[in-house]
Amino acid sequence: MRAPLKRYYLRGIIPMLLYTAMIIASHVWAAPVDLAWVKAAWALSPLLPIAWVFHYYFKYLAECDELERKIEMDAIAISAMSGALTGMALLFLSDHALLALNQRELIGLSVGAICLGYVVTRYIGIWRFRA
Amino acid sequence: MKSRVRQLREQFGWSQAELAERLDVSRQTVNAIETEKYDPSIKLAFKLAHLFELPIETIFQED
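Residue numbers (this note's numbering), protein chains in the order written: chain P, 1 to 131; chain H, 1 to 63.
What follows is a set of in silico ranges between Cβ atoms, one per label pair, in the way DEER data are often shown: (1) P/Leu-61 x H/Asp-39: 17 to 25 Å; (2) H/Met-1 x P/Leu-10: 35 to 43 Å; (3) H/Leu-54 x P/Ile-107: 48 to 56 Å.
DMTMM-like mimics (lysine to aspartate or glutamate), calculated; alpha carbons at most 25 Å apart, straight line: (4) H/Lys-2 x P/Glu-66; (5) P/Lys-70 x H/Asp-24; (6) H/Lys-47 x P/Asp-65; (7) H/Lys-37 x P/Glu-63; (8) H/Lys-37 x H/Glu-53; (9) H/Lys-43 x H/Asp-63; (10) H/Lys-43 x H/Glu-57; (11) H/Lys-43 x H/Asp-24; (12) H/Lys-2 x P/Asp-65; (13) P/Lys-39 x P/Glu-105; (14) H/Lys-47 x P/Glu-72; (15) H/Lys-43 x P/Asp-65.
Hints listed in this document are in silico derivations from the structure and should not be mistaken for laboratory results.
Even for Gly, the Cβ is constructed at its ideal location relative to N, Cα and C.
Chain P extracted, bound-state conformation (with noise of 0.2 Å):
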């Protein structure tokens, strides 16, 4: 593993536990004020770490090289292409009620897809490239 990767990953480790332990708390303990901004802070309080693991993302955009680069942002498009087919095939179907879904079921398998997307077209990157 070069050592970008590597430093990518190490650094992600506390955003990534912080974020466990946030969506935990932010899930199983009530906002401490019953005010609405402060159920909304607390309600998206878990983004903050995400949000901090993608900051070292950038930062490991920046230190890889031009090969690991390209995989990664091919991987970006298309995870980003496959989340807007998947949010608009759900989208139409449900237009024509052939499917109910609610919203929250909607946007999860829209980030699903996401995510999915990512990890598979990366690693078929990889192994396209591999040494």
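Chain P is fixed; fit chain H onto it per the hints.
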């Protein structure tokens, strides 16, 4: 694009890992250039040309 990188690297007696280190790229990148799966950027092509002390057009040729 046709590449003579493998031939030149072997002439210099370097391993893929050594060349990768000199170019500050991964061994995967060197291998992909040698096997013509990936065309390097101008910047990397210039680095290769500088390293092998040859003009770019003698290292890379159009198909």
